[in-house]
Amino acid sequence: MAVKVALFATCLTDTFFPETARAVVRLLERLGCSVEFPLDQTCCGQMHFNTGYREHSKPLARKYTDVFGGYDYVVAPSGSCAGMVREIHPTLGESPPRTFELAEFLVDVLGVTDVGAWFPHRVTYHPTCHSLRMLGVGDKPMALLRSVKGLDLVELPDSTQCCGFGGTFAVKNAETSTAMLADKMRCVLDTGAEVLSAGDNSCLMHIGGGLSRLRAGVRPVHLAEILASTEEDPWRATP
Amino acid sequence: MARNPVTWLGSPTFPKAAKTALADTQLRQNLRKATGTIRGRRAAAVAEMTDWEQLRVAGEQIKDDVLARLDTLLVQLEESVTARGGTVHWARDAEEANRIVLDLCRAEDAQEVVKVKSMATAEIGLNEALEAGGVHAIETDLAELIVQLGDDRPSHILVPAIHRNRSEIREIFQRRMGVEVSDEPADLAEAARSYLRQKFLTTKVAISGANFAVADTGSIVVLESEGNGRMCLTLPDTLITVMGIEKLVPSWQDLEVFLQLLPRSSTAERMNPYTSVWTGVTPGDGPQRFHLVLIDNGRTATLKDSVGRQALRCIRCSACLNVCPVYERTGGQSYGSVYPGPIGAILTPQLVGDLHDPLAASLPYASSLCGACFEVCPVRIDIPSVLTHLRAEVVAAKGRTPESIAMAAAAWMFASASRYEKAQKAGSLARFLAKDGKITSLPWPGSKWTSSRDVPAPPKESFRAWWRKNRG
Chain A
1 MAVKVALFAT
11 CLTDTFFPET
21 ARAVVRLLER
31 LGCSVEFPLD
41 QTCCGQMHFN
51 TGYREHSKPL
61 ARKYTDVFGG
71 YDYVVAPSGS
81 CAGMVREIHP
91 TLGESPPRTF
101 ELAEFLVDVL
111 GVTDVGAWFP
121 HRVTYHPTCH
131 SLRMLGVGDK
141 PMALLRSVKG
151 LDLVELPDST
161 QCCGFGGTFA
171 VKNAETSTAM
181 LADKMRCVLD
191 TGAEVLSAGD
201 NSCLMHIGGG
211 LSRLRAGVRP
221 VHLAEILAST
231 EEDPWRATP
Chain B
1 MARNPVTWLG
11 SPTFPKAAKT
21 ALADTQLRQN
31 LRKATGTIRG
41 RRAAAVAEMT
51 DWEQLRVAGE
61 QIKDDVLARL
71 DTLLVQLEES
81 VTARGGTVHW
91 ARDAEEANRI
101 VLDLCRAEDA
111 QEVVKVKSMA
121 TAEIGLNEAL
131 EAGGVHAIET
141 DLAELIVQLG
151 DDRPSHILVP
161 AIHRNRSEIR
171 EIFQRRMGVE
181 VSDEPADLAE
191 AARSYLRQKF
201 LTTKVAISGA
211 NFAVADTGSI
221 VVLESEGNGR
231 MCLTLPDTLI
241 TVMGIEKLVP
251 SWQDLEVFLQ
261 LLPRSSTAER
271 MNPYTSVWTG
281 VTPGDGPQRF
291 HLVLIDNGRT
301 ATLKDSVGRQ
311 ALRCIRCSAC
321 LNVCPVYERT
331 GGQSYGSVYP
341 GPIGAILTPQ
351 LVGDLHDPLA
361 ASLPYASSLC
371 GACFEVCPVR
381 IDIPSVLTHL
391 RAEVVAAKGR
401 TPESIAMAAA
411 AWMFASASRY
421 EKAQKAGSLA
431 RFLAKDGKIT
441 SLPWPGSKWT
451 SSRDVPAPPK
461 ESFRAWWRKN
471 RG
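Chains A and B are the protein sequences, given in the same order.
Each residue of the first sequence is one higher than the one before, counting from 1 in the working numbering.
Each residue of the second sequence is one higher than the one before, counting from 1 in the working numbering.
Be aware that a few hints might be false.
Result set (DSSO-like, lysine-lysine): computed pairs, CA atoms no more than 27 Å apart in a straight line [what the hints assert, rightly or not]:
1. B/398 x A/58
2. B/16 x A/172
3. B/304 x A/58
Pulled a few chain B residues facing chain A out of the computed Cβ check, cut under 10 Å [stated by the list, open to error]:
4. 22
5. 23
6. 26
7. 49
8. 367
9. 372
10. 374
11. 407
12. 408
13. 415
14. 416
15. 423
16. 453
17. 454
Residues from chain B shown here face chain A by an in silico Cβ test under 10 Å; the list is partial [what the hints assert, rightly or not]:
18. 411
19. 429
20. 446
21. 468
Hints listed in this document are in silico derivations from the structure and should not be mistaken for laboratory results.
By construction, the Cβ of each residue, glycine as well, lies at the ideal position given by its N, Cα and C atoms.
Generate the whole structure from the sequences, applying the supplied hints.
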C-alpha cells in the first residue's frame, strides 16, 4: 500500500519557490507515495518564535497540529521548518505529528538513497545549520546526491559554517550577515560548481541573492528539484 | 545602584559596533586565522575522547546540582576555607567587591599588585577601581598584558589579545617596555618574561580568579598555560581570590570531569601545563594570608530564570567563541563586554539585568541561531534556546514598536489560510518591481536585505494555487 504523506510546503516555498514543492510531489509520487497538500496550512511560526514573538508563534504551532494531526508522515522541503516543528513546537505545548525534512524521509522512512534521478551538472551542497544541528540529518543529502546519475558532486569547503541568513538576523544585523555571506560565496565559487544546492530555500534565497547580485553565474537549486529530475523529465532552469 | 561594569560605559549596540569592526581588515584577517586554527585543534582533541558526550552530560549535571544547592554549598565553602586559615568576604555587586579588594590592598600597604588572568575581576572592573584608589595592578598573563599595555580592551575570554597579530604586539612592547624586540613569538615571550620576572619577585600581594572551588575541602583551583599564575599564587605574602558564586563544585571528585572538559575545549590541550590548587593557608609555604571574595553581581537574579540560569554553568572555555561565525567576523569588542561571543550574548544581558539597556537588548540578537555554540559547549548550555528566550524578554520590555505591530499583523495573517492566500496574491504583484527575474532594491526595512542581496521575483502562481488548479 502506498505510504500516505502530507506535504508541508512551508510559507516561503509555497509563495516564492513553487517549483520546489512541485518537485517534492513528483519525487514522492515516483517513489510510490500518495501525497496530500492540506490547503489550510500556512506557517510554522519560526520567524515569530526566533525573533522573540513567542506568544504569536503559539497559535501557529496549534494550527500546524490541527492541520497535520491526522497524518502519519509530514514532509517538508526545509530542515529549518521541520526543526521548528519537531524541536520547538513541543515547548509551546503542542504534540506535533511526525514531521521530516525531505532527505531524512527518503533515507530513514522510505529507505532509499538512489531515487533514480538524473542531473548532468556540477553541484556543490550547503548542508544548512538546522538540518545539521537541530535535526542531525548528517550525510543523508550527500548520499542522495552521490546516487544521482550524471551529477558531478564537489565538496563545499567549510560547509558547516552558517551562510548568515538566520531569519530576521539578515536584516537586524545586515552587515554581519553580509560578511558571513561573503565567505560562503567565496567557498561556493572556489568549487567551480554551476549549481548550489541545499535542503532549505531560505538559505538558498540568501546565498543565491548574493550570487545573483554579483552575477556570479551559480544557480541555487533545491535538493528536491535535483532529485525529481530524470532523463525523461529533466530539470529545466526557470528564467 | 551603581551601573554594572560588565558592559563598558558608552559602548554602542551590537549592530553598530559590528559595522565598525567589520571594516577593519586587519582584525578580520587576525580572527579568521586564529579562530580557524583553534577550531581545528579543538575538534581533534575532542575526537580523541570516546566518552566526550558522557563527560558533557556529567559536566551539565554537576553544574546544575551546584546551582540548585548554591545556598548550602557556599556556606560549606566558607566554613572549609575559614577552617584552613582563609578569610571569606561576600560582595553583592562590583562596587562592593572592588571596595573589599582595595581595602585589603591598603591594609597590606601595597602600591602594586600582580594579577593572574581572571574574568571575574575583569567583569567588575577591578583594575580601574584599584588604579583610582592608588593601587596599580599588573596583568601577568601574556595576552592580558598585551591588552593592558596597549590601553586596549579584551576581545576573547581565553586570549584577550586575539585581535592583535605579532607585529602589532611588537609595536606595543617596544613602546611600553622601552625595549628592542623582534616579532618572533619566542622573542616577544622573552620580553614579557623579563618584564614580569622582577614584578613577581618584588610584589607582596597577588590577585587571582578561580576556575573552580571545592566546597567540601575549601580548595581553590586555577588552570593556566604560562606559569605566571603559579608565580602569583606562590610567591607573594598575600593572595586575594575573586570568584563568582557559581564557580563551585561539591567535591574533589567532581574536578575529574572538568579537568578533562576544560583544557580540550579551551586550548585544545589534553592537559593544561599548570594546574594550581591551594587550600587556605599552609604555614611556611606560599602566601600566608588568603582572602576569598565571593561575588554575586547579577548571578542570583540570573538564577531565578529557569531557562536563562544555564548560562551559570559556563566554565569560561571559549569554545563557543571560536566556532561562532558572528564572533569570527565582528571580534569580541563589538559585544561591549568582557564576555563576548555566544556566551556573552546570553550572560551579559542577564548580569546587567535590565533589558531596557540598548546594548544588553541588542546582544541576544547577535546570532544567526546556527547552533555551532551548543554543539561544542562542554557543559551543554543550549545557547540558541536561551537566546530566543531572552529575545522574548527584550520584546516584552520594548512594548509597542513598529516591528511588534508588523509581527502582530503577520501572525494575524498566518492564522487564517484565506488571509494568507490573499496576502500571497497581493505580494505577488511585487513581481512588477522585478527585472530579469529579480528585485534589486526595496524600501526600508527591505533595503536591509537588498543592500547586498537580490530578491527573487515572486512567481505568478503560488504552489497552493497550482495545487488547487491541478490537484484540488
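Results of checking the hints against the structure:
{"no.": "1", "hint": "B/398 x A/58", "verdict": "holds, 20 Å"}
{"no.": "2", "hint": "B/16 x A/172", "verdict": "holds, 11 Å"}
{"no.": "3", "hint": "B/304 x A/58", "verdict": "holds, 24 Å"}
{"no.": "4", "hint": "22", "verdict": "holds, 5 Å"}
{"no.": "5", "hint": "23", "verdict": "holds, 9 Å"}
{"no.": "6", "hint": "26", "verdict": "violated, 15 Å"}
{"no.": "7", "hint": "49", "verdict": "violated, 20 Å"}
{"no.": "8", "hint": "367", "verdict": "holds, 7 Å"}
{"no.": "9", "hint": "372", "verdict": "holds, 7 Å"}
{"no.": "10", "hint": "374", "verdict": "holds, 7 Å"}
{"no.": "11", "hint": "407", "verdict": "holds, 5 Å"}
{"no.": "12", "hint": "408", "verdict": "holds, 7 Å"}
{"no.": "13", "hint": "415", "verdict": "holds, 6 Å"}
{"no.": "14", "hint": "416", "verdict": "holds, 8 Å"}
{"no.": "15", "hint": "423", "verdict": "holds, 9 Å"}
{"no.": "16", "hint": "453", "verdict": "holds, 3 Å"}
{"no.": "17", "hint": "454", "verdict": "holds, 4 Å"}
{"no.": "18", "hint": "411", "verdict": "holds, 4 Å"}
{"no.": "19", "hint": "429", "verdict": "violated, 13 Å"}
{"no.": "20", "hint": "446", "verdict": "holds, 8 Å"}
{"no.": "21", "hint": "468", "verdict": "holds, 7 Å"}
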